[in-house]
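Undergrad: Sequence:
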Amino acid sequence: DQHTVGYLLCLLSCRLVVDVVLGHVFIIYFLLGQLSVDTLQFLLFLYIQQLNKVSLRTSLIGEEWPSPRHRSQSPDLTEKSSCHNKNWNDYSHQAFVCDHLSDLLELLLDPEQLTASFHSTHSSLVSREAVVALSFLIEGTVSGARKIYPLYELALWQPLHAETGFSKTSKAFSFYKLEAWLRASLTGNPFGTSACLKSGKKLAWAHQVEGTTKRAKIACNTHVAPRMYRMVVMSQVYKQTLAKSSDTLVGAHVKIHRCNESFIYLLSPLRSVTVEKCRNSTFVLGPVQTALHLHSCDNVKVIAVCHRLSISSTTDCIFHILTPTRPLILSGNQRVTFAPFHTHYPMLEDHMARTGLAAVPNYWDNP
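Residues in the sequence shown are numbered from 1 upward in steps of one, following UniProt numbering.
Hints listed in this document are in silico derivations from the structure and should not be mistaken for laboratory results.
Careful, some of the hints might be misleading.
What the hints assert, rightly or not - Derived PhoX-like pairs (lysine-lysine); straight-line CA-CA distance at most 20 Å: (1) Lys239 with Lys198; (2) Lys244 with Lys177; (3) Lys244 with Lys202; (4) Lys217 with Lys177; (5) Lys201 with Lys177; (6) Lys147 with Lys168; (7) Lys202 with Lys239; (8) Lys198 with Lys177; (9) Lys198 with Lys217; (10) Lys201 with Lys168.
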């Protein structure tokens with residue numbers, strides 16, 4: 001409408017990329033009594049994991065088990081596009097939320113707002129706390145402006161009360177009107193991975209050598225995205241040596257996908273890094289302020305300072321790490337080696353200070 005346009009932001013993408021990593025952290029810390037978790041947000045987090053439901057029948061038909069990882073593989077990258085990875089596909093995120101919006105809202109309803117069969121009615125009311133929790137997944141802008149607001153601020157904005165169904169008397173939202181408003185307002189994430197690959201700015205790289213570049217996709221959205229949503233995407237880099245240290249990388253979420261036989265140096269302070277389905281490659285990273293996550297990688301070496309490292313489904317990988325938290329080893333890993341961080345470059349100390357990371361404590365050897 002003329003007042004507001006909502007869209008899925010990278011919050012949803014980030015939650016899905018880390019997948020069960022945060023779930024493990026929540027459960028571990030909850031059991032230890034060290035952290036409390038907002039119940040409604042945690043319910044949403046668990047629900048959206050359904051995006052990655054695995055069809056056992058498809059797996060049995062389409063892939064040999066156990067996976068023959070020890071066999072030599074073709075040096076050519078597969079033809080599968082990164083858009084087939086649901087974690088990276090913002091369009092599938094939007095479709096998932098739209099298809100399950102009623103269920104998501106019903107999940108947040110107070111018990112007295114549900115029928116005996118646990119469904120909403122036309123008169124059901126959604127609490128303000130529920131809409132605050134839903135802001136965990138959805139944010140938006142007003143009139144297409146650049147500033148981003150959490151969902152609850154938009155829903156409580158006075159000019160939108162008639163559309164969102166907010167009542168000052170009950171201090172709650174009409175389930176029917178809130179759902180209709182969300183459906184009418186939700187669009188694709190303009191700062192997500194899909195948008196970055198489709199319309200992002202192509203990056204220039206130092207020390208780029210000749211190789212197979214036909215399929216490589218390297219792009220960023222830093223010229224259009226707000227600071228907290230800056231992203232750099234590298235996909236299908238093959239037989240390349242790439243090096244970069246620039247403002248483009250500073251504070252960016254870096255996503256690396258299907259790189260093979262390459263050496264990649266990203267020597268700037270980074271917000272987060274995700275490495276998926278890469279093999280026979282080395283990654284030297286600047287300090288990672290939040291999480292460094294690897295999934296489904298073979299024969300990869302990572303050298304980094306990071307707040308947290310998590311790995312899943314990796315084989316024959318080596319991690320030279322400096323981290324103040326214990327590395328998380330999730331399911332499916334084989335022959336993993338941890339080693340101390342052993343690299344230096346001129347701005348390393350300054351970059352560590354900018355990301356709030358220090359040389360001690362260091363739990364690289366205590367996963």
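Undergrad: Confirm or reject each hint.
TA: Against the structure, the hints come out as follows:
1. Lys239 with Lys198: Answer violated: lysine 239 to lysine 198 is near 23 Å, above 20 Å.
2. Lys244 with Lys177: With a Cα-Cα distance of about 49 Å, the restraint between lysine 244 and lysine 177 is violated, given a limit of 20 Å.
3. Lys244 with Lys202: 13 Å, holds
4. Lys217 with Lys177: 42 Å, violated
5. Lys201 with Lys177: Measuring from Cα to Cα gives roughly 39 Å; hence the hint is violated.
6. Lys147 with Lys168: Outside the cut-off at roughly 26 Å; violated.
7. Lys202 with Lys239: 19 Å, holds
8. Lys198 with Lys177: 34 Å, violated
9. Lys198 with Lys217: Holds - the C-alpha atoms of lysine 217 and lysine 198 are around 10 Å apart, at most 20 Å.
10. Lys201 with Lys168: 45 Å, violated
This entry does not satisfy hints 1, 2, 4, 5, 6, 8, 10, going by the numbered hints stated previously.
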